[in-house]
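One line per chain: the protein sequences are A and B, in this order. The opening position of the first sequence corresponds to residue 1082 in my numbering, with each subsequent residue numbered one higher. The opening position of the second sequence corresponds to residue 22 in my numbering, with each subsequent residue numbered one higher.
Everything labelled a hint here was simulated from the structure, so no lab data went into it. There could be a bad hint or two in this list.
Which residues of chain B face chain A? A partial, calculated answer using Cβ under 10 Å [to be verified]:
#1 GLY156
#2 ALA203
#3 TRP207
#4 GLY221
#5 PRO345
#6 HIS348
Some chain A residues flagged as far from chain B (calculated, every beta-carbon gap over 10 Å) [to be verified]:
#7 VAL1110
#8 ALA1114
#9 ALA1118
#10 ASN1120
#11 ASN1160
#12 ALA1162
#13 ASP1166
#14 ASP1170
#15 THR1193
#16 ARG1232
#17 HIS1247
Now the stretches of chain B that chain A is said to cover, found in silico as 3 or more residues with beta-carbon under 8 Å [unchecked claim]:
#18 157 to 169
#19 295 to 305
We treat Cβ as the ideally placed atom computed from N, Cα and C, and that holds for glycine.
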Amino acid sequence: MTEPAYGSEPGQLADGLRPFDPLRAVTDVQRQAIDNAGNIIGRLLEMIDRPPTDRDPLDVPDGQDADGPEPGFHQIRANVARAIDLYVDLFRRTFEAYADLAETALRRRDVTVGGDGASPTAPLTLHVADGVAEGELWLHNATDSPIGPDRVSATPLCSHTGQVIHAVDVTIEPSTLPAVPPGESASAAVRVDISRLPAGRYHGHLLTSRAALAVDLTVPE
Amino acid sequence: MTATDLAEVEATLARYGELTRGAMQEFLADEDEAPYLTELLADYPGRGGKALRPALVLATCQAYGGSLREAMGPAVAIEMLHNAFLIHDDIEDQSHRRRGRPTLHRLHGVPLALNTGDALAMLSLQPLRDDGILGSRIQQAVLEEYLSMAHRTIAGQAKELGWRRDNVVDLGPNDYLELIGAKTCWYTTIYPLRVGALIGSRGSADLEELTRFGFYLGAAFQIRDDLLNLLGTEEEYGKELFDDVWEGKRTLMLIHVLAAAAPPDRRWLEGYLAKPAGERTPAEIERVVDLMAEHGSVGFAIDYGHGIADAAHVALDRALAGVPPSHHVDFIAGLVPYMLERTR
């Protein structure tokens, strides 16, 4: 604790505070106040941690002279800083919006269909052997609730030469997938008798109520 | 300062106060109705008050070229925090009256009042959220200022409460200035000035000079507040007179009389301060006041306050050098003499 500056000891007043000399007392007390306050604020200012904005490149001292800047200069600088802040914020918000969208897409949890072992986006290629083309459709339930039962149907498979395999000639077993609990999958076998089909490459789709899967079938010569 | 000047400052304060309270009510109205809370939250803000802190935020922002809209969030935030502090102060000081009415804990009990103070303090952060008005850079800087201010204020309050609990009496004016610099100046004047300038100038203002001015202005405010507790009228002051003496608050007058009193009187004063507040009698309070009068402690504090105000005038000229003249600058300058002459 500091000693009171206005009395050399407790119980004793400095000369300036004696009641016989009020004018001088006022002057001394006021001077003391100014000195004390100047010391305290000096120490306070040394302790202040400058906020981040003080370190911002926009706040680099501009070399203003002792007389201070022109009255309008602060205003111009503030306006420029305001505009820059606006654009920075706009950029930041736009970036954040795209980042949110990308993250949402990455975390998307949905129902997908795919072939055995293939990625969900790859078409199902039917394997040909002994006059029969076969493959397997998988339905994956990545949602939090059960789905189905779900009927699976085929579109006509068409070749580039105009040949058509009608939907009724595509056998799907079972034609209705059972209910699939969350986090589980179900499959159906896909079979096409190609013994009497013209050679060529056929394309079509297998459809469920939630997703579609492209089908690729090559009938050899 | 003429009576007209004083009236002008008070009228400006009243205008800013009205704006701030309106905005504060909107913020509080957004909260869900909660029994035992909603009504209490609106109590102290609804009693009025000087609105010095939000007025300084708003005027300083506009002086630097900013708009009312930009500064309103931080202005509301500091007024909400101030009301939270008042509720807690009244409990800590066992005060009976605030702004002319019974204190919140007298009306509703300490637990509910404490909870209301907590709620106001936490809700005061709400107006500082990024609302797209300030931009993230300034918003972040304002939040940093707010958190720094809150820490310093609470630390200052802790020091004062500690002095009273441990009956610390070996104190001088420097100790007093350090105390009020923390517990009063930061949230009453320094933070409002710094944040107002930060927003209005978009971070280009010299905050160091404003801090210096804010310290002097806040010190003059607190000295006058201490004096009003002895010299004011209860009607205008809004609290009980001599409350500070009863609480043993380390005011400039008390520190002065402790140093100026003859050894037997000083020993008696120390004994008086060592007693729990509840055991201090009206006769003892009267004796403390008499000793202050006998030793010129009130006159000392008045003179000391004038010295601080002189320093504030000089600091103000440096702090606002380069800021274009405006009625906002005039208002801020008018606050210096106002601090010496205000009656409420």
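To see whether the hints hold, each was checked on the structure:
no.: 1; hint: GLY156; result: holds (4 Å)
no.: 2; hint: ALA203; result: holds (9 Å)
no.: 3; hint: TRP207; result: holds (9 Å)
no.: 4; hint: GLY221; result: holds (7 Å)
no.: 5; hint: PRO345; result: holds (5 Å)
no.: 6; hint: HIS348; result: violated (15 Å)
no.: 7; hint: VAL1110; result: violated (4 Å)
no.: 8; hint: ALA1114; result: violated (3 Å)
no.: 9; hint: ALA1118; result: violated (5 Å)
no.: 10; hint: ASN1120; result: violated (7 Å)
no.: 11; hint: ASN1160; result: violated (8 Å)
no.: 12; hint: ALA1162; result: violated (4 Å)
no.: 13; hint: ASP1166; result: violated (4 Å)
no.: 14; hint: ASP1170; result: violated (5 Å)
no.: 15; hint: THR1193; result: holds (38 Å)
no.: 16; hint: ARG1232; result: holds (48 Å)
no.: 17; hint: HIS1247; result: holds (60 Å)
no.: 18; hint: 157 to 169; result: holds (count 8)
no.: 19; hint: 295 to 305; result: violated (count 0)
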